[in-house]
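S.K.: Single-letter residue listing:
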Amino acid sequence: MVLIALSLACLKPAPPAQNGALRPLAVVNVLDAANDRAAVDTPDRFDAAVLGEVSRRALVPTLLQGPETLAPLTPNRETSQRLRALAPQMGTEGVLLVETRPVYYSELNGQYRWTVGVVVTLASGGQTASRAFDVPVFLRYHHEREEAAVDAASPVVARKVGEVLDTWLGGGG
Amino acid sequence: MILLVGLALSADVGGYLRVMTRPDLEGGDGRLGYWNLYGRLLNEGPYAALELRQEILDQKPGTLQPWTDVHAKIEGGTVANADTNGGSLAWMRLSQLYVQAGNIGLRDVTWRLGTLEQNYGDLGLYDMKPTLLLHDTLGAQARYRTERVEVTAGLGDAGWSIKPDQYNTVFTGAVAARVNVAGHLELGVGGQGYLEPMVLGNRNAPHVTPGIDYEAWVRGEVLSEWVQAHPGQLSEFPNPEPTHANSWKGVGYVGGGGFGAWRWTTVYASYARLHPQGYVTEAYDGDEVELYVGELTDERTQLFVGSETQLTIVPDRWDVVIAGLYGDNQDGDNEIVPTDDDRTFFSGVVRTQVYLSPVVHLLLESSLAEEVSHNGNTYREHQDSLFESNGGAADADGLEYGDSDTRVTWQGKGGVVLNPLGPGIYTRPSLRLLYGVQYSTQNNAFGNSFVETLDEYNDFDTVERHWHNVVALEAEAWF
Chain A
2 MVLIALSLAC LKPAPPAQNG ALRPLAVVNV LDAANDRAAV DTPDRFDAAV LGEVSRRALV
62 PTLLQGPETL APLTPNRETS QRLRALAPQM GTEGVLLVET RPVYYSELNG QYRWTVGVVV
122 TLASGGQTAS RAFDVPVFLR YHHEREEAAV DAASPVVARK VGEVLDTWLG GGG
Chain B
59 MILLVGLALS ADVGGYLRVM TRPDLEGGDG RLGYWNLYGR LLNEGPYAAL ELRQEILDQK
119 PGTLQPWTDV HAKIEGGTVA NADTNGGSLA WMRLSQLYVQ AGNIGLRDVT WRLGTLEQNY
179 GDLGLYDMKP TLLLHDTLGA QARYRTERVE VTAGLGDAGW SIKPDQYNTV FTGAVAARVN
239 VAGHLELGVG GQGYLEPMVL GNRNAPHVTP GIDYEAWVRG EVLSEWVQAH PGQLSEFPNP
299 EPTHANSWKG VGYVGGGGFG AWRWTTVYAS YARLHPQGYV TEAYDGDEVE LYVGELTDER
359 TQLFVGSETQ LTIVPDRWDV VIAGLYGDNQ DGDNEIVPTD DDRTFFSGVV RTQVYLSPVV
419 HLLLESSLAE EVSHNGNTYR EHQDSLFESN GGAADADGLE YGDSDTRVTW QGKGGVVLNP
479 LGPGIYTRPS LRLLYGVQYS TQNNAFGNSF VETLDEYNDF DTVERHWHNV VALEAEAWF
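Line order of the protein sequences matches chains A and B.
To convert, count from 1 in the first sequence and add 1; that's my numbering.
To convert, count from 1 in the second sequence and add 58; that's my numbering.
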């Protein structure tokens with residue numbers, strides 16, 4: 002049994018698509034709570050997961066965070082308007098905007114279920130690619146709230162971010 | 059069902075499942091031991107739950123606009139090809155149906171109407187919820203919730219849950235509060251009370267049949283003793299007298315952690331005085347009489363204390379969960395019959411999970427438990443212990459069973475776990491290949507179809523077995 006486990010553990014995932022030389026990409030991760038209007042930073046582990054996916058694809062991510070970046074995003078939760086609000090902070094490189102909206106669902110068979118709505122948008126050179134999806138996550142404890150829900154969604158969100166990036170890079174982005 | 063199909067077409071769907079095959083070459087039904095006291099792992103059967111949430115008015119952040127949603131949950135413990143019920147929908151039930159609304163009248167208050175529930179969490183390794191309140195109630199509930207404080211109050215009728223075959227209104231109300239201190243400490247306290255009022259003329263309402271002897275009741279000899287004392291006067295058997303019935307439950311909770319390797323510890327406690335039973339039917343010489351046994355069942359109490367600690371020994375490499383519980387059930391009316399309402403039990407479980415890679419994990423778990431009957435023998439330690447029910451001597455008229463009042467059980471479990479979503483003892487879905495072994499002082503301490511009689515015409519041999527082994531292939535997921 003242990004040998005089976007060790008051999009399974011040695012399997013490595015295939016490397017993602019690469020496209021030419023290293024290029025910069027601005028990354029903005031946003032947490033929009035259901036009971037708070039303010040857009041706030043996502044947890045560190047979430048940021049690391051998203052940045053990790055970007056880095057694996059010959060892109061050099063720059064994480065834009067803090068009140069200076071997020072304050073202009075608070076008045077409106079419409080993605081297109083947020084991209085316009087981010088424009089002054091962006092250079093000529095593209096921007097990856099990951100918006101997360103955790104909503105408490107219910108206690109379900111011993112765990113606290115949250116639904117994290119996610120919108121991943123990549124804007125570059127006047128073009129945008131976007132993907133919206135929900136990630137159900139389960140938290141063990143009552144005191145774990147929005148931040149923990151977004152944190153728990155990290156593996157799934159990172160994977161979807163990778164898919165958006167692959168689509169973009171595969172299309173010559 | 060139509061409602062569920064309609065909701066499913068557009069609802070946010072969540073759920074839970076566990077399904078397994080556990081070939082058992084020792085004649086068991088696929089579970090390592092009798093129940094979750096030895097840890098839920100390998101001791102639970104298949105289960106499926108589906109919860110639908112239909113958002114009717116969504117929450118608008120930072121506003122006081124009303125929002126509302128509808129929840130429906132259907133669940134049951136059967137899956138096709140996994141158990142005797144074959145996944146039949148007849149074993150599924152609509153366990154929850156309620157409407158929630160917020161920002162109506164009071165800020166930060168969620169109103170709920172339908173089936174209710176209040177809980178401080180569960181003991182994950184045991185799959186037990188010691189502090190559950192209002193789960194038996196259909197009524198209305200209000201929950202005030204901020205980041206640090208939560209207060210819940212609810213009331214309604216628990217009659218259909220407590221007395222499904224003898225329904226009578228059981229008014230119930232509960233209040234519970236929880237405070238979080240600086241994110242590292244949580245305190246909770248709550249309670250629920252039940253009142254079943256007297257209703258003249260209603261056979262399902264609480265009554266008392268005077269003069270019933272406890273031993274005569276459990277032997278089914280109340281009527282025969284009456285007729286013996288009053289020959290030919292069964293029709294003069296005392297009529298039931300109407301009364302009230304009440305019961306209650308108090309719960310407490312302490313949680314803390316969030317420092318380094320110490321992720322979180324929960325301690326739950328509950329003390330309940332169970333609701334008295336209604337009536338039972340006894341027959342004598344073709345006549346049936348309803349005996350109201352409320353006075354014989356109104357001194358049942360249950361004390362439960364449980365704790366669980368989750369430790370991250372090496373982040374993303376090694377986690378440990380330690381849990382323990384103690385239970386003391388007392389039945390003040392019963393001094394003669396060993397039952398589940400009159401026993402003490404305790405248990406400890408340790409689970410450790412090592413992450414060979416983010417997806418491939420090794421799991422090891424061990425548990426030790428003891429159960430002690432307050433009213434004499436109730437466990438059979440040997441295949442021939444039918445003959446040793448009373449101090450080593452046979453007692454055909456005795457109320458005890460077996461040759462011991464104590465059952466001690468040890469279990470060890472281990473195997474490979476595949477977690478597609480990465481490390482975490484409670485991360486799901488999990489695909490598991492497990493081996494489990496149990497030692498119990500009780501003979502054949504697992505669900506089985508063995509013939510236990512020592513009758514000389516028994517076509518099958520009785521078996522003496524204290525060790526039990528199972529191999530399991532199973533999946534568990536929250537979604």
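Hints are computed from structural coordinates only; laboratory data are not their basis.
Computed from a predicted structure; not experimentally measured.
All residues carry an ideal CB built from backbone N, CA and C; glycine is no exception.
Treat the hints with care, since some could be wrong.
Facing chain B, a subset of chain A residues (Cβ under 7 Å, in silico) [said to hold, decoys possible]: (1) 24; (2) 35; (3) 105; (4) 110; (5) 111; (6) 137; (7) 143; (8) 144.
Here are a few chain A residues that face chain B, going by a calculated C-beta distance under 8 Å [unchecked claim]: (9) 33; (10) 34; (11) 37; (12) 108; (13) 109; (14) 131; (15) 134; (16) 139; (17) 141; (18) 142; (19) 160.
S.K.: All hints, please: hold or fail.
M.R.: Hint check:
1. Against a cut-off of 7 Å between C-beta atoms, the interface hint on residue 24(A) is violated, since the closest Cβ of chain B lies about 28 Å away.
2. Hint status for residue 35(A): holds, given a least beta-carbon distance of 5 Å to chain B, under 7 Å.
3. Hint status for residue 105(A) relative to chain B: violated, with the closest Cβ pair at about 9 Å, above 7 Å.
4. A cut of 7 Å between beta carbons decides the hint on residue 110(A): the least distance to chain B is about 4 Å, and the hint holds.
5. Against a cut-off of 7 Å between C-beta atoms, the interface hint on residue 111(A) holds, since the closest Cβ of chain B lies about 4 Å away.
6. The beta carbon of residue 137(A) is positioned within 7 Å of a beta carbon in chain B (closest approach about 6 Å), and the interface hint is therefore held.
7. About 6 Å separates the beta-carbon of residue 143(A) from the nearest beta-carbon of chain B, less than 7 Å, and the hint is met.
8. A hinted interface residue such as residue 144(A) counts as satisfied when its beta carbon comes closer than 7 Å to some beta carbon of chain B; here the least separation is about 5 Å, so the hint holds.
9. Residue-level restraint check for residue 33(A) holds (minimum Cβ-Cβ distance to chain B is 7 Å; threshold 8 Å).
10. Hint on residue 34(A) holds. Least Cβ distance to chain B is approximately 7 Å, under the 8 Å limit.
11. For residue 37(A), the suggested interface contact is upheld, since its CB lies about 6 Å from the closest CB of chain B, less than 8 Å.
12. Interface hint at residue 108(A): satisfied, since its Cβ lies 6 Å from the closest Cβ of chain B, which is below the 8 Å cut-off.
13. The beta carbon of residue 109(A) is positioned within 8 Å of a beta carbon in chain B (closest approach about 6 Å), and the interface hint is therefore held.
14. Because the smallest distance between the Cβ of residue 131(A) and any Cβ of chain B comes to about 20 Å, over 8 Å, the interface hint for this residue is violated.
15. The interface hint given for residue 134(A) is violated, since its Cβ lies 13 Å from the closest Cβ of chain B, which is over the 8 Å cut-off.
16. The restraint placing residue 139(A) at the interface with chain B holds, with a minimum CB-CB distance near 4 Å, inside the 8 Å limit.
17. At its closest, the beta carbon of residue 141(A) sits 5 Å from a beta carbon of chain B; the interface hint therefore holds under the 8 Å criterion.
18. At about 6 Å, the closest approach between the beta carbon of residue 142(A) and any beta carbon in chain B falls short of 8 Å, and the interface hint on this residue holds.
19. For residue 160(A), the suggested interface contact is broken, since its CB lies about 10 Å from the closest CB of chain B, more than 8 Å.
Checked against the numbered hints above, the structure breaks hints 1, 3, 14, 15 and 19 and satisfies the rest.
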